[in-house]
Amino acid sequence: MTNTYAFDNMAEVDEALVKKASAILKVIYKYRLNKSESETSDSHDMLKFFVLIYDQVRANQTIKMCLPAFPFKSPNDKCKVLGRLPDMAEQFALAHLNGLCASIEDIYPPGAELTIISDGLVYNDLLGVPDKHVWAYGQALRELAVEKGFSNNIKFSRLQDLLHIFPGNDLDEITYVSNATEFRRALLNTFGRPDFDASVEICCNEDTCMTYRGYIKFLETDLKHVYPLSSDRSKSKFKKGTEYIAKNMLMRGDAFARAVRERFPNHLRLSIHQKGSVAANTKNKAQTNTKLPISLLPNTSPGTTPWHCCLGLKADGTILSLPRNQFEADPDFELILDANGNGSYFREKSSLFSWGDLSPQVWCEPLYPCGLLIRPFTPNSIPITSIPILHIRALAEHNAPICLRSFAKTISRELFIQKAKEMGPILGWPGRFEDILYVKDTSTDVDENGDPVIASQSAEKMAFHYDGIFRTTRDPETGKLSSLPPRFQIFVAVTPSPSNTGLTLFAASRLLFRYLQENHKNIPLEVLKECTMSVTSPVFGGVTLTGLPLVVDHPTTTLPCLRYHEHWPQSKTKFAPSDSWLEISSKGETLGLTDEFVRGVLDELLYDRRVCYRHAWNKGDVVVSDDWAMMHTRTEFVSGSNRELWRIHIK
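Okay, so the sequence shown: first residue is 1 according to the UniProt record's numbering, each after it adds one.
Please keep in mind that the hints were generated in silico from the structure rather than gathered at the bench.
We treat Cβ as the ideally placed atom computed from N, Cα and C, and that holds for glycine.
Don't take each hint at face value.
[As the list claims (entries may be wrong)] Just the calculated beta-carbon pair ranges, DEER-fashion:
#, residue 1, residue 2, range
1, P265, Y29, 20 to 28 Å
2, S354, N325, 24 to 32 Å
3, P524, C204, 36 to 44 Å
4, L591, E334, 57 to 65 Å
Assemble the whole structure, with the sequences as input and the hints as a guide.
Listed below in structure tokens is the structure:
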């Protein structure tokens, strides 16, 4: 087993590997649960996690993590959840966890792998949940991970895998259900502690006490309809029963944790449970924190798990996770059904989501971490001419990008321009294009007029930017140049690039500033509003813009919007580079902020997968984005491939 306390020989420590392991741990800590009031910082815990990661980095191995979670849906589908199977809450949770793994791969090519270990069979019989429901939930999760492209990073393991009974995938529903009781018995016989006393553990270990309190809290609602109050079952009897079940869960959970440690000894152990303070656990050194608590959903509700709640979407893109009955009691929300007529999530009522008579034929799905995917239930049954583009424009102001998929006739140039004109006046670029910019690889350094090709007309990766930064206007009185960007972009994919290449990245300012304030309190938003940016480029006739505001208010929502261009030196491009720098305000300088430091933080946040949606294009996709609320860029693709997008700017 990996030595988690000290290196065998400090002289063998590689400084570069230390930096890489530290960077990986920093990524994981971004997904950490908000601290509880009793929790304190424990550098000893961090050191153990760091050494585990360092050993894997030193061996150039995939970073292995495991997470006991996703047991089954709460049995209370009247008050808490929508049904027995995964819904949009699980989809967002898996997307969030996949983002964690992908973020590690962004900085460490061997990547990361997260194994979700279902603890469903450990507890389900105590809650009256049938074994076959546990199987169905787990199978549906696996299918969801494959469907959404998460299966390269996220793996699954069941209880019998820990016990080496029916290892691997050689198991079907009937065999699973028939042997479920035996699996539970084998767990307790192999890993149970005869001397385990739940009452003692609750008194002596704060982590156990917090877990116990959490069990009691959800059992009160989970079992509300399984064991309803009656003349024979008073509130006190029900409470006593839930306490009995909770203590049994602690006993089984202890055995399960021991099994996980044996089966996954070198994995970084993640947890859905908040941990207690360091001081409270010093009485029991064997129980010092070896688990890193993480959040499963990208909202501000600490400790929310998708099998105990429903997902809610506000018109402004805010994600909520609440019990079913709270959404149903709110007249501002409505239940959204999927193509099979099953409840998927709750959505804030808004006329912006209305498609009139076509509404029953259209599915609207929130994207992680931002944006919406809208498509007809029957592909190609609705033409581009029927899209209510002014509603789409308004939605984009709040929650861009809006992806319209599987609509008919979207790659008709005439119809595409017509739909763009319905959004507003088309903003051309004198000398470059009148309406459509054809974004494709020219495989040459100059265009048909002999002018230098810009990066957008190549297969290169591009800098994060907002469109139109180099489209300028000159003040007639001062002679100063300023940026004249469009309000919106509308794209259509005529020919997509090869799989997993040529992605368009959209970073939402509302999310960037949320995580800036949560994770970088040394860079106050109010200080950023006082800073300016300057940028220069030899293309576009040679442009230098100075003193551009770094943060502006959105013209509709009034939310702060980042106006920024990522520094893009010659080392990153074979074309003309773009130089950008920040002018830090005097207040920022007082706080010790520098141009290089602030740009480093902004660059990191722009690519942060909790902020940035990565769009893989399908043929015919139409995407509408707000150029004020969003920053965007593109990943590289195979030079000479047929990838072609059409883009129109809306004034």
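Hint by hint, here is what the structure shows:
Between P265 and Y29 the beta carbons are some 22 Å apart, a value that agrees with the proposed interval 20 to 28 Å. A C-beta distance of roughly 26 Å is found between S354 and N325, which places it inside the suggested range of 24 to 32 Å. At about 42 Å, the beta-carbon gap between P524 and C204 stays in the expected band of 36 to 44 Å. For L591 and E334, the Cβ-Cβ distance of about 45 Å falls outside the hinted range of 57 to 65 Å, so the restraint is violated.
In terms of the numbered hints stated before, the structure departs from hint 4 and from no other.
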